[in-house]
Every structure is written in C-alpha cells, then in structure tokens.
Amino acid sequence: EPEVTQTPSHQVTQMGQEVILRCVPISNHLYFYWYRQILGQKVEFLVSFYNNEISEKSEIFDDQFSVERPDGSNFTLKIRSTKLEDSAMYFCASRTAWDSPWETQYFGPGTRLLVL
Amino acid sequence: AQKVTQAQTEISVVEKEDVTLDCVYETRDTTYYLFWYKQPPSGELVFLIRRNSFDEQNEISGRYSWNFQKSTSSFNFTITASQVVDSAVYFCALSEGETSGSRLTFGEGTQLTVNP
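The listed protein sequences derive, respectively, from chains A and B. Heads up: the first sequence begins at 1 in my numbering, then just goes up one per residue. Heads up: the second sequence begins at 1 in my numbering, then just goes up one per residue.
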C-alpha cells in the first residue's frame with residue numbers, strides 16, 4: 001500500500017542553523033501539507049501546497065519557513081534559522097484531487113526536530 | 001473559525017471494556033468533513049474514518065463505531081471490547097473546505113490507555 005515517507009526520522013540541530021525536512025508524498029497525490037506537533041500538544045497546520053505554489057498557510061508559517069517541490073517526488077520544508085520553539089514533530093501529508101477538498105490526508109511518520 | 005474540542009485528556013480502561021471518546025466541533029460552514037486519527041506510541045498518525053456533514057448515519061467497522069450528531073455538533077468514537085493495542089492518542093479533526101481550504105483543524109487529543 002502506498003505511503004508517505006519522511007526523512008530524517010530524527011534531527012538535532014543548533015539554534016540558528018538551517019534545516020531541511022524531506023517528504024515523498026504518495027505518487028498520484030497532488031496536494032501536500034506540513035503540520036507540526038509540539039511535544040504533548042495537538043497537531044497544527046502549517047502550510048498547504050498545490051501546483052508548485054502555496055495554497056494556504058497558517059500564522060505559524062512565517063518568513064523563516066519555506067516549502068518547495070524540487071523534483072517530481074520530493075516535497076521539502078526549510079526552516080532558515082531555527083529557534084528553540086521550533087522543536088517539534090513535523091508531519092507531511094498528501095491527498096488526491098482538488099475537486100473534493102475534503103479528501104483524506106494521509107500522513108507520513110514524522111520527523112522529530114530538536115533544536116538545542 | 002473552526003474549532004475542535006476533545007474534553008477528555010486521558011482515559012484509562014481495563015481490557016475488554018467499551019470506551020467512548022468525545023469530540024465536539026464548531027464551524028460556520030454547512031459543508032464540512034470530520035476525521036478521526038490514531039497516534040500510537042510510535043508517533044505516526046493513522047487515518048481511521050472520514051464523515052461528511054450530510055451523512056449522519058452511524059458507522060461501524062469491527063470494534064470501532066462512530067456516532068455523528070449535527071444537532072449537538074458531536075462526532076464520538078466508541079471502541080468495543082478494548083484491547084491493549086488500542087492504547088494511543090486519538091485525534092478528532094475538522095476540515096471546512098469552503099472557507100478555510102482543506103486544512104485540518106485537530107482537537108487536543110485523548111490519551112487512551114488500555115490496561116491488561
């Protein structure tokens with residue numbers, strides 16, 4: 001069964017460093033998402049992406065964040081200058097057609113980011 | 001704005017007991033979807049069910065059942081004859097679609113512990 005994959009599973013970085021989190025969505029999916037979950041808290045929406053541009057972003061997704069689909073399979077989240085409060089689990093998700101915006105989003109296993 | 005409330009932070013039951021997880025939502029849209037996801041200790045988010053706002057039929061899938069009531073804005077989830085493997089955090093989520101794209105808004109989650 002197709003699944004969303006994410007790399008790395010864990011990343012430790014120093015405050016102020018740049019990190020890139022990678023995701024490979026399900027191959028026939030067209031819509032991609034990033035969510036984050038601070039330890040012990042709920043899952044929060046960051047950004048949605050379609051047709052090589054951002055569809056929607058939350059107030060969390062400020063100028064230090066960016067997303068990109070560098071090729072036909074990968075979808076990345078870059079944090080330019082990490083802060084302590086960026087420590088969280090980051091989930092990538094994908095779904096199928098735009099005609100039904102409520103199509104189920106399937107989530108990857110997550111990348112646990114720790115900023116020291 | 002959309003909101004999901006899971007008032008039960010933690011529930012602990014003994015194996016074979018039935019348990020109901022509550023979910024109450026707020027939305028101004030007439031068309032929306034509700035979801036339940038399971039997050040086991042390994043951390044991934046596993047899709048369980050999707051229900052649209054026009055379909056108030058209850059659904060049963062094995063030991064799982066869902067009770068959707070628009071009159072009370074609730075979408076409750078019942079596990080019958082719980083098992084230790086059901087121990088996880090369960091998230092209820094809402095997607096409005098019409099007014100806020102397809103982002104998922106999650107509740108705070110309910111930690112379910114099933115003891116042998």
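Take these hints with a grain of salt, some might be off.
[Said to hold, decoys possible] Calculated cross-link-like contacts (lysine-lysine; reagent style DSS-like; alpha-carbon spacing at most 30 Å):
id: 1; chain 1: A; residue 1: LYS57; chain 2: B; residue 2: LYS16
id: 2; chain 1: A; residue 1: LYS57; chain 2: B; residue 2: LYS3
id: 3; chain 1: B; residue 1: LYS3; chain 2: A; residue 2: LYS83
id: 4; chain 1: A; residue 1: LYS42; chain 2: A; residue 2: LYS83
Just so you know, the hints here were simulated from the structure itself, not pulled from any lab data. Just so you know, these numbers come straight off a predicted model, no measurement behind them.
Do the hints match the structure? See the list:
For the proposed pair LYS57(A) and LYS16(B), the alpha carbon gap of about 43 Å is over 30 Å, so the pair is violated. In summary, the hint linking LYS57(A) to LYS3(B) is supported, as the alpha carbons are separated by about 17 Å, within the 30 Å threshold. Annotation: proposed proximity of LYS3(B) to LYS83(A) holds, straight-line Cα distance about 28 Å (limit 30 Å). Under the criterion of a C-alpha separation no larger than 30 Å, the hint pairing LYS42(A) with LYS83(A) is consistent with the structure, at around 20 Å.
The earlier numbered hint that this structure contradicts is number 1, and it is the only one.
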